[in-house]
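S.K.: The primary structure of each chain is shown beneath.
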Amino acid sequence: MSPDDFTASHWYAIGRFADFPEGLSRPLRLLSQDIVAVRQGKDVKVTRADGRPCMVQARYGHVWTTLMDKPRALYDMPEFLEEGRRLVTAGAIGVLCSGLRAVENFLDMAHFPFVHTGILGIEEHPEVEKYDVSMDAERDEIWATKCCFFQPMAAATATGGQITEYKYRVPHPYSTILYKTCPIREGAWDLIGLFIQPTEEDACIAHSFVLVFDESNSDTSLLHFQQNIFLQDRMILENQVPRKLPIDPRWEMPTRADASSIAYRRWLKANGVVWGTAKLAEAA
Amino acid sequence: MKLYDYVLSGNCYKIRLFMAFLDLDYEKVGVDFYPGREHKSDSFLAINPLGQLPVLEDNGVVIRDAQAILVYLANRHDPSGQWWPQADHAQFAQVVQWLAFADSITGTSSAARLHDMLGYDLDIVAARAGAHRLFRILDSHLSQQEFEGHHWIAGPSPTIADIACFPYTALAGDGGIDTFYYPAIQRWIHRLTRLPRYHNMPGINVFA
Chain A
-14 MSPDDFTASH WYAIGRFADF PEGLSRPLRL LSQDIVAVRQ GKDVKVTRAD
36 GRPCMVQARY GHVWTTLMDK PRALYDMPEF LEEGRRLVTA GAIGVLCSGL
86 RAVENFLDMA HFPFVHTGIL GIEEHPEVEK YDVSMDAERD EIWATKCCFF
136 QPMAAATATG GQITEYKYRV PHPYSTILYK TCPIREGAWD LIGLFIQPTE
186 EDACIAHSFV LVFDESNSDT SLLHFQQNIF LQDRMILENQ VPRKLPIDPR
236 WEMPTRADAS SIAYRRWLKA NGVVWGTAKL AEAA
Chain B
8 MKLYDYVLSG NCYKIRLFMA FLDLDYEKVG VDFYPGREHK SDSFLAINPL
58 GQLPVLEDNG VVIRDAQAIL VYLANRHDPS GQWWPQADHA QFAQVVQWLA
108 FADSITGTSS AARLHDMLGY DLDIVAARAG AHRLFRILDS HLSQQEFEGH
158 HWIAGPSPTI ADIACFPYTA LAGDGGIDTF YYPAIQRWIH RLTRLPRYHN
208 MPGINVFA
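Keeping their order, the protein sequence lines are chains A and B.
The opening residue of the first sequence carries number -14 in the numbering used here; numbering runs sequentially from there.
The opening residue of the second sequence carries number 8 in the numbering used here; numbering runs sequentially from there.
Think of the hints as simulated: they come from the structure by calculation, not from any bench.
Heads up, a few of these hints could be off.
Simulated pairs of lysine to aspartate or glutamate, EDC-like, Cα-Cα distance not exceeding 20 Å [unchecked claim]:
hint	chain 1	residue 1	chain 2	residue 2
1	B	LYS47	A	ASP4
2	B	LYS9	B	ASP30
3	A	LYS131	A	GLU7
4	B	LYS9	A	ASP204
5	A	LYS30	A	GLU68
6	B	LYS35	A	ASP204
7	B	LYS9	B	ASP65
8	B	LYS47	A	ASP204
9	B	LYS47	A	ASP93
Given the structure is predicted, the values throughout are model-derived calculations rather than measurements.
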């Protein structure tokens, strides 16, 4: 199945610049299509299987490409221009599920005490307090705000349990960014984000980053923290059935804690997203 | 003691797990194995010319190879002798044999995991088939042990052979290898995860 227009119209991260060694052609998959990326000096060139070139841009520590000739603009993250932040990119991790599933899981706080036990939650504090979900109509993106959760070790810099406030942003069907209260700088937010490269409808590669104010941890310890969390998620993601994301409201019974997931599924549906979603008929 | 460590490495995990079982304090030195390939950097190759993790440093002694580190820790820090039993010659040989077997599990099951998870370019069909061949042997051995009233790879109590074989067997699912069909392996994983001071690694299903 070829991707619907909305899915096809976006830019997708395919790796970090360092992942493309000079002169080495790397065959990649994007939206069920073969593409080839090769570094030529300061540029990465991407071509389709038939040899036609794809547009490429370098942003947010990653190389992005698109299969469209007139793609939507890639969303802005002004925080990348702020002084004093550190960027750690955590590499590309393959996951056997729809990238939409990976985004949805990222938005979900209810799994923290059970999947990230002792780090992002503890079983004694499983409650998800009411939070706000809104659509930014002008930028066509979703925001979940005032998300508060008890976390024993919210970040690599954290030294004890605390109520952490979160905001989630979904500016792209396959990108999501978490804004988390910075433990060492009042009023500032640390960013953690996922740039998903959907390879197939039910398989993806997750590129991720951490953009934080942090003076005490090495890049490697931030990396290990991030990768450990993501691998805890990976096992859960690979065991979800079906692998594609169900967006028919008749399929599942959501709770109040799922408000951001409901908004995400509605937003996908309103934009005509079909590729990567499960049809009710597949449930049987 | 200083352990050069990568959080997603099953071979590093087996050392962290054994340190926990022996209740030992140590310092972790994080290595950016992926995506940074720091284990292939000049500074790390000076520590281990093989460019592999883990590496243990203790009082000026530098030990590479996960199985060698297990042997060292057991010899030096387990006065009970339970983990590295040497009194019984046959059992001693069994432990050594299964330590070598653990390396083969790394060569197959861990390779499949690197392919599926981190995009390594290798023969995934051969890696998975090789892992299944080893898991059939391990499953049949463990079930034979159960018939003899033993719950562990080499005798009545856990040894470093169990620690050595555990991570990449329990993490096989990460590489698309289903261990559901190896019931004795499943029971052994369950028992190991219930040992005192056990701590988990992402990818291992402790609810199995």
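S.K.: Now tell me, hint by hint, if it's right for this structure.
M.R.: Hints, one by one, checked against the model:
Distance restraint check for LYS47(B) and ASP4(A): the Cα-Cα separation of roughly 15 Å lies within the 20 Å cut-off, and the hinted pair is therefore satisfied. Restraint check: the Cα-Cα separation between LYS9(B) and ASP30(B) comes to about 15 Å, which is no more than 20 Å; the hinted pair holds. Between the alpha carbons of LYS131(A) and GLU7(A) the distance comes to roughly 45 Å, so the proposed pair goes past 20 Å and is violated. For the proposed pair LYS9(B) and ASP204(A), the alpha carbon gap of about 19 Å is at most 20 Å, so the pair holds.
Using a Cα cut-off of 20 Å, the hinted pair LYS30(A) and GLU68(A) is violated, with the two alpha carbons roughly 30 Å apart. A hinted pair counts as satisfied when its Cα atoms are at most 20 Å apart, and LYS35(B) with ASP204(A) qualifies at roughly 14 Å. Using a Cα cut-off of 20 Å, the hinted pair LYS9(B) and ASP65(B) holds, with the two alpha carbons roughly 7 Å apart. Taking the CA atoms of LYS47(B) and ASP204(A), the gap is near 17 Å; set against the 20 Å cutoff, the hint holds.
For a cut-off of 20 Å, the pair hint linking LYS47(B) to ASP93(A) is broken: about 37 Å separates their Cα positions.
Figure legend: structure checked against the earlier numbered hints; hints not met, in rising order: 3, 5, 9.
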